[in-house]
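From first to last, the protein sequence lines are chains A and B.
According to the working numbering, the residues represented by the first sequence are 933 to 1102, in order.
According to the working numbering, the residues represented by the second sequence are 1242 to 1423, in order.
In short, the hints are calculated from the structure, not lab data.
All of these numbers come straight from a predicted model, not from anything done at the bench.
Ideal Cβ placement from N, Cα and C applies to all residues, glycine included.
Be a bit skeptical, because a hint or two may be false.
Claimed, not checked - Chain A is faced by these chain B residues, among others (derived, beta-carbon under 8 Å):
id: 1; residue: Leu1300
id: 2; residue: Ala1301
id: 3; residue: Glu1372
id: 4; residue: Arg1388
id: 5; residue: Pro1393
id: 6; residue: Leu1401
id: 7; residue: Gly1409
id: 8; residue: Arg1413
Unchecked claim - Computed Cβ-Cβ distance ranges for the label pairs, DEER-style:
id: 9; chain 1: B; residue 1: Gln1315; chain 2: A; residue 2: Ile978; range: 33 to 39 Å
id: 10; chain 1: B; residue 1: Gln1322; chain 2: A; residue 2: Gly1069; range: 33 to 39 Å
id: 11; chain 1: B; residue 1: Asp1307; chain 2: A; residue 2: Thr1050; range: 53 to 59 Å
id: 12; chain 1: A; residue 1: Ala1092; chain 2: B; residue 2: Lys1364; range: 53 to 59 Å
id: 13; chain 1: A; residue 1: Glu1075; chain 2: B; residue 2: Glu1292; range: 45 to 51 Å
id: 14; chain 1: A; residue 1: Val1097; chain 2: B; residue 2: Glu1317; range: 41 to 47 Å
id: 15; chain 1: A; residue 1: Val957; chain 2: B; residue 2: Pro1393; range: 57 to 63 Å
id: 16; chain 1: A; residue 1: Thr1050; chain 2: B; residue 2: Arg1388; range: 32 to 38 Å
id: 17; chain 1: A; residue 1: Pro1032; chain 2: B; residue 2: Pro1393; range: 44 to 50 Å
id: 18; chain 1: A; residue 1: Asp1027; chain 2: B; residue 2: Leu1391; range: 54 to 60 Å
id: 19; chain 1: B; residue 1: Gly1339; chain 2: A; residue 2: Asp1027; range: 52 to 58 Å
id: 20; chain 1: B; residue 1: Asp1386; chain 2: A; residue 2: Pro1062; range: 36 to 42 Å
id: 21; chain 1: B; residue 1: Asp1386; chain 2: A; residue 2: Val1097; range: 41 to 47 Å
id: 22; chain 1: A; residue 1: Asp1027; chain 2: B; residue 2: Asn1380; range: 37 to 43 Å
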Amino acid sequence: MGLDFVGRGTEETDGNIITTTIDKVVNWGRKNSLWPMPFGTACCAIEMMATLASKFDLSRFGSEAIRFSPRQSDLLIVSGRISIKMMPVLKRIYDQMPDPKWVISMGACASCGGVFDTYTLIQGVDQFIPVDVYIPGCPPRPEDLIDAVLQVQQKIASGASPKGVEVVYE
Amino acid sequence: MSEENQVEEQPKPLVLEKLEANYADARLAQDASRGTVIIVIRKERAYAVLEYLKTDPELAYTFLVDVTAVDNSQMESELMQFDYARFMVVYQLYSYQGQCRLRVKVPVHENDLNIPSVTGLWKGANWLERETYDMFGINFEGHPDLRRILMPDDFEGHPLRKDYPLRGRGERERFNFDKQNA
Ligand code: SF4
């Protein structure tokens, strides 16, 4: 969380002025206040709940505020199987989230259908919504989810735009 | 010969005795599996028998545990058994009074998928029959609201039929977001 992106100013200002760019400050803020929208539909969601709860405590990494409204969140965590009946709902929730927004696809099922190669299951949500970070595993450990959130944070800090953004403004 | 191998003479279950006395014409076959009596009955008499099983004070199968179906189209021996009836609708009943289970099976031919709904007897049959309709295409006559329950409303086909491809007919790759979100 360190302020590694700032300049310390000159001798005369005696450290009272710091210099940086607005993008870096904004990204620093975004990175450390990710508000996840949990979309748990199956067993992976149990691991996600464990990650959010006190033992693993995702809030240590600045993702304190879990939002159950897509309009207030900027990180979608898809954890679990998505059926063809559920996919339009997921797409709608993704569309409702304000930009910039990031997506984590948690577990084998969300990423590629897992073992459920059947008529009813979407074989990877990335066919319909852009995914920034995939987590392998069935189910992934809570540490894996924390790692994925950290990777999203790194991505934000580096100034890269989310996968879902098609137009990059210079 | 050890004692365990000696077959004990089981008393005939009450339900079989009573059905034999009252509905001998309805019964096609009977069996037992792990303490559960299984009876196969004629479709025309199915409603009457199920009503009797529920309302008879001695039997009192008041709890309908499940309604489902089996597609026998790829099991020649099963098919032939009941005059090539492709589907078998299965009712699982439980009697709190007698503390015993009963499985009632009704053969249903492919060219006549109608069967009377039992929602009038057990309200809980509503969603169970909707599921059976959704998955197998059995038409429950007299059901108050026979719509799909698991698959999307615009889904075509009945996925638990044996001739439905496991990976579907491409519905998982293409669907119309605009229409479904309307
Ligand atoms: S990846 Fe495994 S744990 Fe996760 S939803 Fe699929 S089956 Fe469940």
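Results of checking the hints against the structure:
no. : hint                                : verdict
1   : Leu1300                             : violated, 39 Å
2   : Ala1301                             : violated, 38 Å
3   : Glu1372                             : violated, 14 Å
4   : Arg1388                             : violated, 13 Å
5   : Pro1393                             : holds, 5 Å
6   : Leu1401                             : violated, 10 Å
7   : Gly1409                             : holds, 3 Å
8   : Arg1413                             : holds, 5 Å
9   : B:Gln1315 <-> A:Ile978: 33 to 39 Å  : holds, 37 Å
10  : B:Gln1322 <-> A:Gly1069: 33 to 39 Å : violated, 46 Å
11  : B:Asp1307 <-> A:Thr1050: 53 to 59 Å : violated, 22 Å
12  : A:Ala1092 <-> B:Lys1364: 53 to 59 Å : holds, 56 Å
13  : A:Glu1075 <-> B:Glu1292: 45 to 51 Å : violated, 58 Å
14  : A:Val1097 <-> B:Glu1317: 41 to 47 Å : violated, 58 Å
15  : A:Val957 <-> B:Pro1393: 57 to 63 Å  : violated, 46 Å
16  : A:Thr1050 <-> B:Arg1388: 32 to 38 Å : violated, 22 Å
17  : A:Pro1032 <-> B:Pro1393: 44 to 50 Å : violated, 31 Å
18  : A:Asp1027 <-> B:Leu1391: 54 to 60 Å : violated, 25 Å
19  : B:Gly1339 <-> A:Asp1027: 52 to 58 Å : holds, 55 Å
20  : B:Asp1386 <-> A:Pro1062: 36 to 42 Å : holds, 39 Å
21  : B:Asp1386 <-> A:Val1097: 41 to 47 Å : holds, 44 Å
22  : A:Asp1027 <-> B:Asn1380: 37 to 43 Å : holds, 38 Å
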